[in-house]
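Enquirer: Chains A and B supply the protein sequences, listed in that same order.
As numbered in the UniProt record's numbering, the first sequence has no gaps in its residue numbers, which increase by one up to the final residue, 638.
As numbered in the UniProt record's numbering, the second sequence has no gaps in its residue numbers, which increase by one up to the final residue, 638.
Hints in this document: simulated from the structure, not taken from any laboratory.
Predicted, not measured: the structure shown is a model, and the values here were computed from it.
Take the hints with a grain of salt, since some may be wrong.
What the hints assert, rightly or not - Taking beta-carbon pairs under 7 Å as the criterion, some of the chain B residues facing chain A (in silico): (1) 227; (2) 260; (3) 441; (4) 442; (5) 636.
Glycine included, C-beta positions come from ideal geometry on N, C-alpha and C.
2 protein chains.
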Amino acid sequence: MSSVERQLDDLQAEIEDEVPSDISISDVTYEGPELVVYTRDPKRFASDGDLVRRLASKLRKRITVRPDPDVLSHPREAEDTVRDIIPEEAGVTDLDFHTDTGEIFIEAEKPGMVIGRHGSTLREITQEVGWTPEVVRTPPIESSTVSNVRNFLKQEREERRDILERVGRQIHREEMSDDEWVRITTLGCCREVGRASFIISTPETRILVDCGDKPGAEGEVPYLQVPEALGAGANTIDAVVLTHAHLDHSALIPLLFKYGYDGPIYCTEPTRDLMGLLTLDYLDVAAKEGRTPPYESSQVREAIKHTVPIEYGDVTDIAPDVKLTMHNAGHILGSAVSHFHIGDGLYNVAFSGDIHYDDTRLFNGAVNEFPRVETLVMESTYGGRNDYQTDQADSERRLKKVINEAYERDGKVVIPAFAVGRSQEIMLVLEEAMRSGDIPEMPVHLDGMIWEATAIHTTYPEYLRDDLRDRIFHEDENPFLADQFNHIDGGEEERQEVADGDPCIVLSTSGMVTGGPIMSWLHHFGADPDNRLVFVGYQAQGTLGRRIQNGWDEIPMNDGRRSGNLTLKMDVETVDGFSGHADRQGLENFVKTMNPRPEKVLCVHGDESSVQDFSSALYHEYNMRTFAPKNLETFRFK
Amino acid sequence: MSSVERQLDDLQAEIEDEVPSDISISDVTYEGPELVVYTRDPKRFASDGDLVRRLASKLRKRITVRPDPDVLSHPREAEDTVRDIIPEEAGVTDLDFHTDTGEIFIEAEKPGMVIGRHGSTLREITQEVGWTPEVVRTPPIESSTVSNVRNFLKQEREERRDILERVGRQIHREEMSDDEWVRITTLGCCREVGRASFIISTPETRILVDCGDKPGAEGEVPYLQVPEALGAGANTIDAVVLTHAHLDHSALIPLLFKYGYDGPIYCTEPTRDLMGLLTLDYLDVAAKEGRTPPYESSQVREAIKHTVPIEYGDVTDIAPDVKLTMHNAGHILGSAVSHFHIGDGLYNVAFSGDIHYDDTRLFNGAVNEFPRVETLVMESTYGGRNDYQTDQADSERRLKKVINEAYERDGKVVIPAFAVGRSQEIMLVLEEAMRSGDIPEMPVHLDGMIWEATAIHTTYPEYLRDDLRDRIFHEDENPFLADQFNHIDGGEEERQEVADGDPCIVLSTSGMVTGGPIMSWLHHFGADPDNRLVFVGYQAQGTLGRRIQNGWDEIPMNDGRRSGNLTLKMDVETVDGFSGHADRQGLENFVKTMNPRPEKVLCVHGDESSVQDFSSALYHEYNMRTFAPKNLETFRFK
Ligand SMILES: [Zn+2]
Ligand SMILES: [Zn+2]
Ligand SMILES: [Zn+2]
Ligand SMILES: [Zn+2]
Ligand SMILES: [Zn+2]
């Protein structure tokens, strides 16, 4: 008998001890980090509302209860009962019975109404039909990403269960070593922005944190080939943790599967979906630019299939000696500060990922409270001594002024923006400004991936700032659904109509004017000096956006449809302060107010001078041991 | 055709270009780092005394010329001619013809007379018989180690040629990566003395430097199991470099072969022989102490079979992008400061190994001149702020005084000493003191491995201090052969005779009184207060030697023959200053006068406070970037 089987036998005995004697336990097994308990008496199990919570806290495990397949009622009968129990207003859009696991997959417009107060409706369902309900939200704006991911996971259920069972056994395997140490190896993202990739290693376990590309430097990928990374085989890695979906953290996650990795990816659900969206787009862009993509879309699907979703605040076993907890990072949807508790009290490491310290319209500020933390791996994008940003209220005032001026001259405004994060922030600003009358009501056209990214945001309101979430939940006022927002889905024809029409605002990708529909908007709007081009995000060196900011007005137009140059006559403005990253002050505040105070800080994810500035500031002002590592180094902490 | 074959074809063409047209080249091949040139005209080749040197400098390779097997004269005839050519006084003790390679292996008491001025006699041999002579010294004192190693290598010639050919192809393989970096990983010896073990890695190559044990802490071995060491397989290591034969650097070299390593070990010839002696003794001691030895004697033989000897000052290709040069380290016989020239000018790293900076009687002081060096990995054994040692002249005066006092009281002197290094240093002191009349002539008995270790020293006089070497070569006054030195080879009976006889001096292992014949000498001498026990070396915490130094006089005697306690009445003295390690001043001088000055210094091989003291002193006094690494860290330099 393997040690995992012995463990499961012991757990089953403990559970039988704890539950009333009239509830029989037929099997206990691991699926990923979850302990799945099969019972022949699911209805009686559900009658004690507190039983699962008590078991979870006694066994210190995440617990799922499922009916033994032998005792399942017929789906047809069950369905009628379930539909009776769930209130009409919940808006059920899909109801799917899985006889292999006894789960009912319920997709509803208002999942809260399916769940009921403290889960009462869910319990009622099980009490009546014996099945275990699982609820997800129907995207209020249709999202092909979300529905593709959900359909794909449905279709791959069986393989996914095999994967999860294997992962579960890996997580709960016996510890082999008496030795104790904790190390971090840097595979990228040191003294540079991009190709985030780190390894946490202990004598038992090796965890890869992030695996991104380096924007504008396609050849510079993480050093995955060295022996301490994947050199000894992709499956020498136990787990992959993804802090958020931006490509500089996620682009090469699917590549791991091409290299033969077959283990879990831990991230939040929105990160999983956004990773799907952004990596598929990454492959598209590579193909359009004539580069050979490093992997295929089938590997993106593998990554999704291997994802184990984590909710903020849940403590999850991801290895025999490592517990992971993710916390809101305030940076983009689903972004997480990732905390690793290692070796039952031995050591604690937090990775900031990318953070925004202060609240924004979209997100609460980054969490920096932990039970314990000795070492912090900290982003330093704006860690330079002069990297202070405009206050957001000032930025918003300026943006509104710029829009009003254009409107007064009967002009149109085009804003190049990244699909994920900054677009939604600007949407919220515009929606409020129109509602309060600060700017006139006019259409806001969303072009490129912005609409789809917004749809994903509306699918996961739990991840948004609390007052925004409350507005969406309780007041039924979803600002993303406001009338003025229009999805450009009619191609060039629709753009021509917009160009021929009244004053309006256009939000379009790409954010740095390196391709995409923004090129078309420049063509339509560029010749009219009454129109305005407004930059609201960082324009990297070498991009067309940066050149235009610097005064270029001859724009090459070689997108297949058009060729030749466009002479840009429209007005060009830049409004700072909408960054998804904390500025220097925010970074300092995050570390300074961190509780507990970390002993050591590794400053990464910033160009060389930002990292050095920030590292030396933390050392001198807060007396912390700081490091500005290079790529390919290993630090030992214990 | 492989890239190595193409390379060899090109080299053959270049050689054919360079040699006179009447010399035919039949084959060119690699054996380890050597380029072996086979010719059908060995006699004509040998007639130009400068040809090999010209080829070597043109091709930048170590070159060996051998006759094509087809043209070899019959060994019988050749032998007569060879014996005629070599002067009688050379004292040939073995003459061995290898028809597979056309080499004549000549062992002689005076190898210099076989070689002749600038190699003239060797050339004469080839000119007359066509064979290639190889000369080694007949040990002036019979050494079972040396003869065992030589016989074993003779016996394993064929496999050894296969190994060398494979190694040669590895060394000269094509470089695969465009990337450039140089890293050092610490697998042991950081903030501790013992288990020296480091990895130098580049995108092409991984080299293990040393692989020792930790005296007094058998469980603490180098971290060989991590992925960046042997975790991905023992043969992911390209080469092993051994700085010297002390067990804290060499003990686990044979273990590598148990793990499946099959590549070269680079070290000096005396290091190879001493490693054989010391690792076999290490297995013996483990067995006697009831521990399971980590490997078998067959793996010691594997290590010897895979050794590629390096001479001080020779630049040797050991990987496509790494050249190794070893220099005298002044520490023990064959010990080497090891210099790595990486990537054709990219970077240079020197490992000090263990060093003695000033000249001793046995050795010249450590070399610290290099063409280039950016990073130095530096021993710090006596790097503590108070680790200044007595001047050697003072130490010698004190030792002589202590001996004279004992003599005057008709007492005997016993000196516990390590077999390798300090014993021979003390022998030189005693021999000179008797010759000059500073102490009376009396027998000096050598017990334990000391005699054998001395025999190995006399086999390699080239590695001794220059004036000592000259004395041995030119004046025929080998101090190690002085009459007063007696090998205790008659066991307990002979020891009893010595104990019953006149005043004398005994040098015996173990050096820290942890076992071995010294226990017997304590038994024989210990009860007489006129006898003296003189410590001349460091006594580690926890050893019986240290306890006796501290005043213990009840000595447990449980060696199988005797049991119960011995009450020690003999006088106990300590004479410092005979260390094989540089003291704090010597370490500082080594770094301070190093040419060129290193940019970075990693301080290792010292206890935590010594390493910290020394690292901070170099930083503050000489303004160098210094590090006190931990085990299991990786530093990137380029
Ligand atoms: Zn289904
Ligand atoms: Zn980001
Ligand atoms: Zn980032
Ligand atoms: Zn040593
Ligand atoms: Zn040593």
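Enquirer: With reference to the structure, classify each hint as holding or not holding.
Expert: Verification of the hints:
1. 227: With a minimum Cβ separation of about 5 Å from chain A (threshold 7 Å), the hint on residue 227 of chain B holds.
2. 260: 14 Å, violated
3. 441: Result: violated, 56 Å to nearest chain A Cβ.
4. 442: 53 Å, violated
5. 636: Given a least distance of 5 Å, the restraint on residue 636 of chain B holds.
Checked against the numbered hints listed earlier, the structure breaks hints 2, 3 and 4; every other hint is satisfied.
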